[in-house]
Amino acid sequence: MKTTLFLFLILCGSNYHAQRILLLHGTAHIGNGNVVESAAIGIVKDRIIFVKNSLTQTYKEQDWDTIINCNGQHFYPGLVSANNTLGLTEIDAVRATRDFDDVGDWNPHVRSLTAFNVESKVVETVRTNGVLLVQATPRGGWISGSSSIMKLSGWNWEDATVVAVDGIHLNWPSHKESYLKDKQQIYSFFEIAKSAAFDRREKLSDLRIEAMKACFTGTKRVYIHAQTIQQIIDIIDFASEMKLAYPVIVGGYDAYLVGAKLRDAHIPVMLSRVHSLPERDDEPTDLPYRLPSLLKAQGIQFCIQNEGDMQAMNTRNLPFQAGTTMAYGLSEEEALQAIALSVCQIMGIEKDYGTLEAGKKATMFVSKGPALEMKTNDLTTILVDGKFVSTRNFQEELYLKFRKKYQSDAGLK
Amino acid sequence: MSLRISFKFVIFIGEFLFSPPMKAQQVIFLILLFQFGPFFAQFGPENGLKQSAPSYILIQNATIMVKPGLTLENSDILIKEGKIITVGKNIKQDGAIVKDYTGKVLVPSFIDLYSGVGLEPMSVKNSSWRPQLESNKEGAYYWNEAVHPELNAATDFKLKANSTDHLQQAGFGFVLTHHMDGIVRGSAAFVSLGQNEAHKLLIAPKAAQVFSFSKGVSRQTYPSSQMGSIALLRQALYDLDYYTKNKANLPYSVSLNEWSSQQNLPTLFKTDDKWEILRANKIAEEFNTKFLFIGSGNEYAIANELKTKGINVVLPLTFPEAYDVNDPYLAREIPLSDLKHWESAPANAMLLRKAGVDIALTSYGLKTADQFWSALRKAISRGLTAEDAMASLTTIPSTWIGLADQVGTLESGKCASFSVYTADPFSNEAQLLESWNLGVAQHWKSAVAINILGTYSVQLPEATYELKVTGTNDKPQAKVSLISAKDTLSTKAVLQLREQDISLQFTSLVNQPQLIQLHAKAIKNGLILEGDGTDANGKWFHWSAIQQQTSAALAPKAIKSDTTTYGEVWYPNMAFGSSSKPNEQTVLFRDATVWTNEKEGIVKGADVLVVGGKIKQVSRKSISPSGARVINATGLHLTSGIIDEHSHIAISKGVNEGGQAISAEVSIADVVNPDDIDIYRQLAGGVTAAQLLHGSANPIGGQSALIKLKWGVSPEEMLIPNAPKFIKCALGENVKQANWGDFNTIRFPQTRMGVEQVFYDGFYRAKAYQKEWNAYRNGQIKTVPRVDLELEVLSEILRSERFITCHSYVQSEINMLMHVADSMGFRINTFTHILEGYKVADKMRLHGVAGSTFSDWWAYKFEVNDAIPYNAALMTEQGVVVCINSDDAEMGRRLNQEAAKTIKYGGLSEEQAWKLVTLNPAKALHLDDQMGSIKIGKAADLVLWTANPLSIEARASLTMIDGVIYFEEAQQAQLQQKIELERTRILSLMLTAKENGAATKTPQKKVKKHYHCDTLGEEATENENTH
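Chains as they are written, first to last, in our numbering: chain A, 1 to 413; chain B, 1 to 1027.
So here's chain A without its partners, still in its complex pose:
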């Protein structure tokens, strides 16, 4: 008989690869706004084959290798952390462990996946709160490099890669005296890259320009990091002049002020960390908490990301950043969307990730309670592309180890 106890034994062995998995009787937060109460989710190999109401669904036990009864628990698509150095850094203060900022102002060719540490201890602690994908992103310079979309589980980086290079990251100059000059530099670089991209002669340019070509001709995103209104309106012009295939604004603190323009230009926003202070003294104290609902109300496509102090470690709080917006205008399902489906849509991986729908990769988790709430985020099952991943991390092990020590000390007395 396939029982939960049996399952627990399986889970203790890491990365057990179940072929056919059936999750039963949980509340499925599909991720597109819909909720299926008492859902059944069928998984074959690495994909979800159905999500249905388990009360109306009939199933044969022998059809499944593993059946998990998740009575009263919640099913979520794996959360996705955009624009993050997770996996590229281990200990912020130790230079030897920092692999996200290379020398040079123009580094589109520098890509993050080969530096991505799948065995990172930080990754382990992030995964156990439900974040299962990361856009590992370089920093620094005008063009920091190309980001890679990685699974937070795998034997090696090849194994963990979802998209090797999904986009380049451009740091838009800030509005100071050299603004026009700085902007001009960026225009010049992009003009060269653009002409090379449409040059039909067989000609190899340098690595930098080669790395840029797909931004004009392919699906490579141009993630433009900017916050202020002046930057944002300039970026809208820039994106249209350069005919960028997929421009994205990262940060976008002031985006709510030019919502109509952004919507008309179809430029999505990867919004700054929700848990941050207002940029200006005079602004409402809760403005950063309200930005997501302000963008939502204007019909701008947006997601929430976590760049900032200690961003790698803090990725485990991504669900709670989304959760906080629930007190400031987003519904629970909208909040979830902002850290799952919307991120995938902006990055272009929504066919495989972001919701609990048939045909998508089985990258998901089960939590005892609502996962965007600190008190109840408690994972019992994690699947990455249909593979079970441990819900324990080394921190919990340390906790149990010392707890046991105190218990046995007490026993000795």
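Take the hints with a grain of salt, since some may be wrong.
Lysine to any residue pairs mimicking SDA-like chemistry, simulated, CA-CA at most 25 Å apart [as the list claims (entries may be wrong)]: (1) A/LYS183 - B/GLN1004; (2) B/LYS978 - B/TYR329; (3) B/LYS1006 - A/LEU257; (4) B/LYS978 - A/GLU279; (5) A/LYS176 - A/GLU307; (6) A/LYS181 - B/LYS1001; (7) A/LYS405 - B/GLY848; (8) B/LYS1005 - A/ASP237; (9) B/LYS1006 - A/ARG139; (10) B/LYS581 - A/PRO284.
Simulated coverage check for chain B against chain A, where a stretch passes if three residues somewhere in it have a Cβ under 8 Å from a Cβ of chain A [claimed, not checked]: (11) 748 to 758; (12) 837 to 845.
What follows is a set of in silico ranges between Cβ atoms, one per label pair, in the way DEER data are often shown [claimed, not checked]: (13) A/ALA297 - B/ARG985: 25 to 33 Å; (14) A/LYS368 - B/THR1002: 53 to 61 Å; (15) A/PHE394 - B/SER128: 37 to 45 Å; (16) B/GLN371 - A/ALA245: 55 to 63 Å.
Keep in mind the hints are simulated off the structure, nothing from the lab.
A virtual CB, placed ideally from N, CA and C, is assigned to each residue, including glycine.
For chain A, the structure is supplied; the task is to place chain B on it using the hints.
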């Protein structure tokens, strides 16, 4: 002796000369006469003939502004040897040089108390980039380069020719000059400006001493913060006292010896912000003295405090430039605080006078006379009375500096130093004609005011022209016309007026294109022009012109009082400030879910009554309101306020005094900054009290400030009265400077081994110090021991009168410090951060130390490798008093969420979790008798939440401290509108100012900076918080 007389600048009065300047090297023997003696000669050989004694000078028929409130019309003033003999009507004196000053106004020379005139700027020997822990000044000087009382302005004073013209042109005749560098700046000299002998210029060689909080050019590591400067000054003053009393038995100190001779001098204190005045005034009170403050320009915001404390301030007239606000995108980057200050700064003097504060004015920061007068007129137009303006530049500074018997008014016996104006300069835009310094006149503008504006009939050999002069006498515009019966020909002419001389050029209208060049003297105030000219052939001819029509008499423009309505000063004077200081109210919370933190637990449907700032009643039954404001709390949760055990907000100029391994003498309580927007933001997150901690740059840091987050009050009012004393200590990577780069490898300690020894050394020294003082108190030794502020504080720790909150990470160092404390007989009160506390929780319980930790932070440095989010829960299980703190301005406003994480990590109950940010920090801070729970008699520090405060959906809907509501969510929309209205109002004033030609500056986006545990120096940073 060579006679080197400058004709260029000195008007010689009659045939007599004052003694010409001597070359310094020729002065062999010198005695300074501080008072003007009865004779003028110096002790020294004369080269050539003996100089005549100067005669009397009699100025007649002048308007003499003797002193504020007393102006004598049509009066005379008699001067001899640089002094005023008499002032009055119809003065007669045989043999006097008599001058007719009809229509001129004499104003006593202004006095500037804050100046570095005649002194070279200080510099230091170039040292390396590596930290310089000790003084580089060789000799028997004080140990810290920023304390140099031995500097003597009088000995270094040297006036370069013309270097003070701008000051004289602004009306100044005297300055108090000193070396503008460091914390203790030495003696200041009171000097006269103008052309005169060096000996005579020095009116009082040691007239004052000057202090500040700014360390100046010193590159010594200590002090690196304002609280360090405060502590250094206090320690130096104690050292001075000790040295003065025990001179005979102590090694000679050039610095202290010189300083001890300055003790009776008035003390000036330079400040850079309004709060610095209150900080420095505390020092004055401690040493039973009074400082005279040099302000920074925003004192209006604390006018009442200044009045109450009887503080006098010398105000600068440097008003901020308007911003160029044409671009709304840029305009929104200007914080309201800047806008409001721009509007209020020119009213500073008026607002202080209105509050009854005595003020003087300084020209410091203004480069030209025009700048000075335009600023002064601005202040007058904003309501400073002409009389107050005059007093603040003359009688008030002279009185403050103790020289009122010599300077400040035009009365007999005083210095003959005054400025001559065309009119009363405090009421009119008068022009300065002359500056008289000690009886010597300096001429700036023509004494005879000629008005050539009008129409003249010009008779030339070739024709009679009509000349029309318009514009101003300074910049006249001229046109000549040839009028005949048939028509009128006109051409532009170039006309220049220099004193009485006029030159005029134009193209002949008779013989074009020949050039006519004329020169003339203006006679009878321009009524007649008479002189010579040349025609095209170079032939000279005589000509004259008679004024046909004069333009209206040029009365000086009166200074108008600006009648625009100005905005009020807010508390604090920035966004979210209020027009008045908030009041405590009687409030009834009706039908709330009350988290008592007491044995009653969480009570649903309860009423809580607040009276007189305290919790008066908590009841399940309905309480009758009796005049209370009733707040319907149905469905809402009422808790006691969040207490942040570890915070660095609301601090001025430096969170670390990292210049030394032990800096117990410094205190954050000295530098609390009520103008930090983060105070308001944290109120919006339900925080009501916090411990503002020193950083973690050194093993024994500084004393804490325990505050309530009251918004819009003074620093003193924020401090919790009679709060227990705390001090920050630190262990680990920060104190051994592990992550500070390869330059920082000089200061001991650099390892955890060394850290232990720093503690033992400090406490051993403190024990010896206590012993010495005890021996003195018991009469075993006679001399009073030296006061050592650092050891005083360490002794308090040894006596368990001060509690340690210690920044800590790994278990080895945690256990080490508990051993140190055990062996010294005291207890560590709190370990903060304490990320490996879970490994030693049993030892912590035994020692009786609290643990104040982050909920889930880690991975930011090597020593947090084993930090786990289960830490708080595990320590709690082991019986340790546990707090969750912020150490971060952002997280500080979400401590309710951070507490909730302990339910996820380690399974604490909701009540346990909530206590981590309320009752437990109150316990750890020894404040649980007055806060931390909802209990009758405790302070009404309450927060009303929209939901269970541990839920992700909770928002603080109302935050109250001591019964005063400081934050109310329902008011936010209205407040935001008030902010926007105030912004637009001032922005439109700025636009008008720009249109009217005011200089403007481009706004820059200001990134809010923060202090973290490891922030060094006085500036906050944008760096990541690495704790």
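Okay, the hints, checked on the actual structure:
1. A/LYS183 - B/GLN1004: holds, 18 Å
2. B/LYS978 - B/TYR329: holds, 20 Å
3. B/LYS1006 - A/LEU257: Status holds; Cα separation ~19 Å.
4. B/LYS978 - A/GLU279: Cα-Cα ~19 Å, so holds.
5. A/LYS176 - A/GLU307: holds, 23 Å
6. A/LYS181 - B/LYS1001: holds, 20 Å
7. A/LYS405 - B/GLY848: Measuring from Cα to Cα gives roughly 20 Å; hence the hint holds.
8. B/LYS1005 - A/ASP237: Answer holds: B/LYS1005 to A/ASP237 is near 22 Å, not above 25 Å.
9. B/LYS1006 - A/ARG139: holds, 22 Å
10. B/LYS581 - A/PRO284: Judged against 25 Å, a Cα distance of about 21 Å means the pair holds.
11. 748 to 758: With 0 residues close enough to chain A, the hint is violated.
12. 837 to 845: As far as the stretch 837 to 845 of chain B goes, the hint holds, because 4 residues have Cβ atoms under 8 Å from chain A.
13. A/ALA297 - B/ARG985: 25 to 33 Å: holds, 29 Å
14. A/LYS368 - B/THR1002: 53 to 61 Å: holds, 55 Å
15. A/PHE394 - B/SER128: 37 to 45 Å: About 44 Å separates the Cβ atoms of A/PHE394 and B/SER128, which means 37 to 45 Å holds.
16. B/GLN371 - A/ALA245: 55 to 63 Å: Given range 55 to 63 Å: holds, Cβ gap about 57 Å.
Violated hint: 11 only; the structure is consistent with all others.
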